[in-house]
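Protein chains in written order, with this note's numbering: chain A, 5 to 360; chain B, 10 to 351; chain C, 7 to 337; chain D, -9 to 578.
Rather than coming from a laboratory, the hints here were simulated on the basis of the structure.
Model, not experiment: these values are computed from the prediction.
Do not take every clue at face value.
Selected chain C positions facing chain A (in silico; Cβ < 10 Å) [unchecked claim]:
1) Ile42
2) Arg46
3) Asp50
Estimated spans, in silico, between C-beta atoms of each pair [to be verified]:
4) B:Val147 - C:Ile55: 40 to 50 Å
5) A:Thr325 - C:Ser224: 44 to 54 Å
6) B:Ile128 - C:Ala164: 45 to 55 Å
7) D:Ala220 - B:Ile344: 51 to 61 Å
8) B:Leu23 - D:Lys457: 47 to 57 Å
9) D:Asp461 - B:Ile197: 47 to 57 Å
10) B:Arg21 - C:Val157: 18 to 28 Å
11) B:Leu143 - D:Thr408: 50 to 60 Å
12) D:Lys166 - B:Glu216: 49 to 59 Å
13) B:Arg159 - A:Asp216: 28 to 38 Å
From the three backbone atoms N, C-alpha and C, an ideal C-beta is built for every residue, glycine too.
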Amino acid sequence: MTASDETAPAEFAERARPSAFLEVRDLKIHFPTDDGVVKSVDGLSFQLERGRTLGIVGESGSGKSVTSLGILGLHNRQNARVSGEIWLDGQELVGSTPEQVRRLRGRQMAMIFQDPLSSMHPFYTVGKQIIEAYRVHNDVSKAVARKHAIDMLGRVGIPKPDQRVDDYPHQFSGGMRQRAMIAMALSCDPELLIADEPTTALDVTVQAQILDLIRDLQEEFNSAVIMITHDLGVVAELSDDILVMYAGRCVEYAAVEDAFHRPLHPYTWGLLGSMPRLDRERSERLMPIKGSPPSLINVPDGCPFHPRCPYGELTGGKADTERPELRELEPGHKAACHLPLEQRREIWNAEIAPKL
Amino acid sequence: MGPFNVLAYIIRRLIGAVLMLLLVSLVTFGIFFWMPKLAGQTTDQIAASYVGKAPTAEAIAATKERLHLDQPVVLQYGHYLKGIVAGQDFKAGPEVDHCPAPCLGYSFRTSQPVLPQLIDRAPATLSLAAGAALLWLVSGVTIGVLSALRRGSFLDRAAMVIALGGVSLPIYFTGLLSLAIFSYNLKIFPGGGSYRPFSEDPLHWFESLVLPWVTLAFLYAAMYARLTRAGMLETLGEDYIRTARAKGLPEKTVITKHALRSSLTPILTVFGLDLGLLLGGAVLTENTFSIPGLGQLAIAAINGGDLPVVLGVTLLAATFVVLLNLVVDVLYAAIDPRVRLG
Amino acid sequence: MTAPIEVTGSDAEAQPEAVLAGIDRKAIQGRSLWQIAWLRLKRDKVALIGGGIVVFLILVAIFGPFLVQDPNVFHQNLNDPTFNRPKYGFWHSGISGDHWLGVEPSNGRDMLARIVHGARVSLLVAFCATLLSVVIGVVLGVVAGYFGGWVDTIISRAMDVFLAFPLLLFAIALVGVLADASVFGLSGNGLRIWVLMFVIGFFNWPYIGRIIRGQTLSLREREFVDAARSMGAGSFYILFRELLPNLVAPILVYSTLLIPTNILFEAALSFLGVGVIPPKPSWGGMLSQAVSTYSVAPMFMVIPGLAIFITVLAFNLFGDGLRDALDPRAK
Amino acid sequence: MNKIRPLAVLAAGVVVSAGLAACGGGDDGGSGSGPGYNSAIDKIVNTSDKKGGTLRLADSDDFDSPDPGNTYYAWSQNFARLYGRGLTTFKPAAGKDSLQVVPDLATGLGTPSDGGKTWTYKLRTGVQYDDGTTVTSKDVKYAVERSNFSDELQLGPKYFKQYLIDNPTPYKGPYKDKSPEGLKSIETPDDNTIVFKLKQAFSEFDYLVGMSQTIPVPQAKDTGLKYESAIVSSGPYKVDSYQRGKVMTLSRNTHWRQDTDPIRKALPDKIELQLKQNADDIDNRLLSGALDMDVTGVGVQAGTQAKVLNADQKPYVDNPYQGFLRFMSLNVNVKPLDNVHCRTAVQYATDKVAAQSAYGGPLAGGDVATTVLPPSVDGYRKFDLYPQKYQSAGGVDQATLDKAKQELAACGKPQGFTTKISARSDRPKEVAMAQAIQQGLAKVGIKVDIVQFPAGDYFNKYVGAPKYVHDHGIGMMLMAWAADWPTGYGFLSQITDGRAIKPSGGNNLAELNEKSINDAFDAAISNTDKAARTKAYGDIDEAIMKQAVEVPLIYAKALLYRPKNVTNAGITLGYGGMYDYLNMGVTK
């Protein structure tokens, strides 16, 4: 947190109070290290309403997870520099004290982690961990909390929850463990649920069950959900909107429908191209993106995607020098690319879409 | 995991421990009887060590017979084992002395039974090791945890510099230094060799052990501070700590309930091993401070080629290690539900 | 004996600090492990100082003995016969222009020369003992970790047995037994130094063995090993061409950290009177002499003590830095 | 750290020359009210007849055994007289008077007959054990039998076995041989008479029966090796308890009667001997007054030396000769030391001053030696066959080195030679001495390698076993020697008589076996004229030095501390320059 945030005048905060349930404005999370400053998140903004689901996609190292940790205030405070604003239900989080943010965690915003085995404490029973989460925000007796925990385990579809509540995480199967994790996250009815690759560690049949569960529960609780994944399939399944991240920034933001059918950024094309589709001929090959994600310490000048972009030359050298801004090109559809809009539409229609 | 499983496990471990002790004693035997023979010594030469001031041929022959040195090493070993199980007779002159089981034999040098000597020396070593262990565990772990929590702070850096210094200092140097400063110059604590048993003079016992405790504990505390810090940092990086925070738990709860418990369990194992080894004789510390413990006994016995005493100490030392390992493993299983005894 | 837990003293110590906790590791991708390690090491001032001292000490051990006085020449005229300590210098150290670190009590041998010659013995024994430990530990560790099954059981139990032994006692007994032996035409100090190397090296292998076994266990499951195996590579090939190169970093780190341990071990044996045979100087031997003189000539205790301390500390600093830089767990 | 344990001190010399006191080192009288530096060397100080109190003694180690029949330590022989009475003992006095043998359990000294081959002693009547039974001559016979002939008791000297006539079938000791007559060469015609029959004439038998091995042991009470914890006392004190490694306590033997014992005063009510105490701690307690005596009598620790030589403490310090010679034996069967010229070269080139410093300097180490007999031993004659001169900066001067080189040339080794020198590994000062000698000899090209052996096995396994010495080419051997009884014969015969060479455990390390010297020993010991014997010992000493087989290094001395609390403190040379414990008392 920078000093300016902490001393921000009250009227400024008043004026800037947004209408959306969650609004992130120009969020930057940088980590100074011996090797240089790691710009994990570098100026990210988005909004999210209750009952809606936002999918954040991108390759590993694009800053997705750091964003979610940043919202929850779980980034390493000792070595992170955070600026920008995060508004949750009218409260600004970046400028809040760690204690204020802590009180919100678990109660107003909760998170489901990628690897449920490593994310649950191996020494405590599942029940105990849910009870703990519940009691820290609710002043109830252990017995009541236990009943609630059993109830939650039942609601996420764990059979015989009254027995399994006393089991240890390692005694659960992978899918059951993720259900328990979800039960724990939902134990205090959070209004914002962040799911960080909730299904990556699971096998395919279980994946579908978990995604169904999250959707059902979202409807039931009317929460806002951020779904972080590199799997476009998951996003297509669950999300209303989609935010594509590259090198700590948003390169395209759109409704799911637009993103899949009228994507406006070459990186999104690449993501779509590298997604296997069951409804296609097997003989057709995937089109993986060349190269590897950039170092977050030495982000390339100009458009950070240009070293991997097959169309970079078409910008007349602009991509190498100038960083493209994220512009709203259609209502609700933003992208950051130097290519003229028309040219992009042509390329999509002519070269990319037919191959997908 | 029922109590029967635990019991069965402990029994199995104890059988393993006995096998291990057999191995340890066999190796000791080998070093004393087999190695010299390899190096070219005859049985007469070995026996000559234990004859006294007039090693005539007949005296050597008598000694060989008395100490069973004329038998093959395997038989001698069998004789020794039999003594442990069934006791042993010893010709003390006009009558025969019986040493009841478990009999660890008689010293080759002083003809005294070994077990009473061990029992006599053990309290000094126990006093030294237990006191130091308490000191280093409390201080080392505390410093390590604080260092990990304030990583990069002045406290952390200072503590780690001191800790690295601590593990780099030989105990006999710090011991001599502390004696020179606190005993010889400042005269705050009594000098080396002033140890008195607790039963005789508790106050003096305490006074005489302060320097050895602190010196020994300093070395280990330094090691444990480093271990604890590393373990704590490792744990703090675990996903489940992030989960605990994500649940909105206060930082204090996260540290004490979630982080400490996991990071201290490996420390427990190391602690068991360290304490076990120390209980078998803190050789260097006892030597530096002239504490009449098992380590001093062992060194004297080794220098005197007094095999039964050496065997006694090594067996006792190995027993301590094995037992403490067992205790630690059982405790570990109690702490970490993933560990199954078996 | 079935030990359910594989964490040992050295294993636990081996756990590297999570240097990059909270940072996406991929951020610094793109450079090889060795390049990164070198970059990090270059920035670690403390480790560099340690490394510098290590290099200096090695140079001293190699060339020092040619530059100093004869360590065995007596200067009794510097000695006060009543108290058996040097006449001159602060704290009766005998420090003067001729003797920069003073002289020994009673016979007045030059301390600088003895410290320098002691460094040679100390480092030689420690290096060779470490080499032995590493060779045994790596071979047995890799074999145990790679083959598993009964091979692993036997080797692991052997390590347990070693860890339960009162090693110092055994080392003393062994050195004592071999005191007057003559083996392979070696005797006296020629033999003694070999015995010391062997005893120290042989008793220390389980520490590194455990680490390597653990690393091998995890490497064994990695894709590239499967790949090699599926291509029909033999065990020997996999062990030495696939696994070993990936173990170089931890081997390097723990060898560096084993050296100071072995220096302390050698010094302890010398302190207890089973080190090199006089008049060859050794630091531990000097300290044991100082036991009877520290009250009248304290510098005689302080100087060899500091020599051990600085050497061990330098190796520890460098080893720690190397570990942080290579961070074997980051792989 | 490691103290020198007197292996075999039973005596020292008769002639305590005037030079002895002078050698004490610049006696400035000191200050304070104490009796003065070195005052107890030739007279008893703090004389007193006051009874009562507890005499507090301490030892950094333990007895070999407190059993009078199973001990060899000098201090133990000295101390055992408090709970046992042998046939004779040394006169409780200081200095040369202490070398005089006086009757103790016997009414007078032995009566020789058969040309010195038979010795008869009469026992005092009315001497009782602490259980009230009466001491008989059979108990003395039994004590000698068990200590010299049994397999179990191995720690003491075996002189009786060596000199007494054995049975026709070798006697196996009282534990194996249960026949009533036992050893036939000891006769007990009645309860108060004992007769010893020797193989050869032996004029100094009174000294032999002064050893603790003649302290009577009643056969019914003998428990062999366990007797040490159930000793039956015939002296003024009984043993209340002996716990190995911890403590021995003595209290008055109510059956001891002053009228049977003209030499003992029996002053303290109790005597407590703490065992296995830290050496430095003993010194600190002596200085603070918490302790009365370091019972081993081998001097204060190096760290204490500076403290006791301060002006305020010096009047309570004595610096006597200890009856030891520290020397180096040159083995005549190890090449090239079989050549007398090579041995002579070593005599010249050995840096004795460096050796002296290594051993602790003139006060704690001793004086540079030129003869085998130390000044405190009967027969000592001052001479120096191989005079050396030293440089001020240390080391033997060039002229002396040149002499050494000439001898080397005469030996056919002008460039020097290589051999080994042995020292006891657990005696750091001896190892230091070896290094001092090594560096001195290097100057004439004699290169020696140091080999170390544990003290416990030094004679039995290594340097005392000629085969080992020859096989390993150990030409030079460091050792220390004190007489087992206080005459030239007692001192020299074990280390220089050719018949003392044994396959193992011998002390004639040089393997000197000259017929003329062997004969001289025989002539001397059968000579009943004491003055003639004394002269003969000096001659033998010179004859030995002419062979150049022994390189005398230092006449050992020690700095002994004598606390104010102690009364009747005097240095007895009978036990090697330590305080006499027989009549020691305390002021409080």
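Going through the hints against the structure:
| no. | hint | result |
| --- | --- | --- |
| 1 | Ile42 | holds, 8 Å |
| 2 | Arg46 | holds, 6 Å |
| 3 | Asp50 | holds, 9 Å |
| 4 | B:Val147 - C:Ile55: 40 to 50 Å | violated, 32 Å |
| 5 | A:Thr325 - C:Ser224: 44 to 54 Å | holds, 45 Å |
| 6 | B:Ile128 - C:Ala164: 45 to 55 Å | violated, 31 Å |
| 7 | D:Ala220 - B:Ile344: 51 to 61 Å | holds, 54 Å |
| 8 | B:Leu23 - D:Lys457: 47 to 57 Å | holds, 49 Å |
| 9 | D:Asp461 - B:Ile197: 47 to 57 Å | holds, 55 Å |
| 10 | B:Arg21 - C:Val157: 18 to 28 Å | holds, 21 Å |
| 11 | B:Leu143 - D:Thr408: 50 to 60 Å | holds, 56 Å |
| 12 | D:Lys166 - B:Glu216: 49 to 59 Å | holds, 52 Å |
| 13 | B:Arg159 - A:Asp216: 28 to 38 Å | violated, 45 Å |
Hint compliance for this structure: hints 4, 6 and 13 are not met, and every other hint is.
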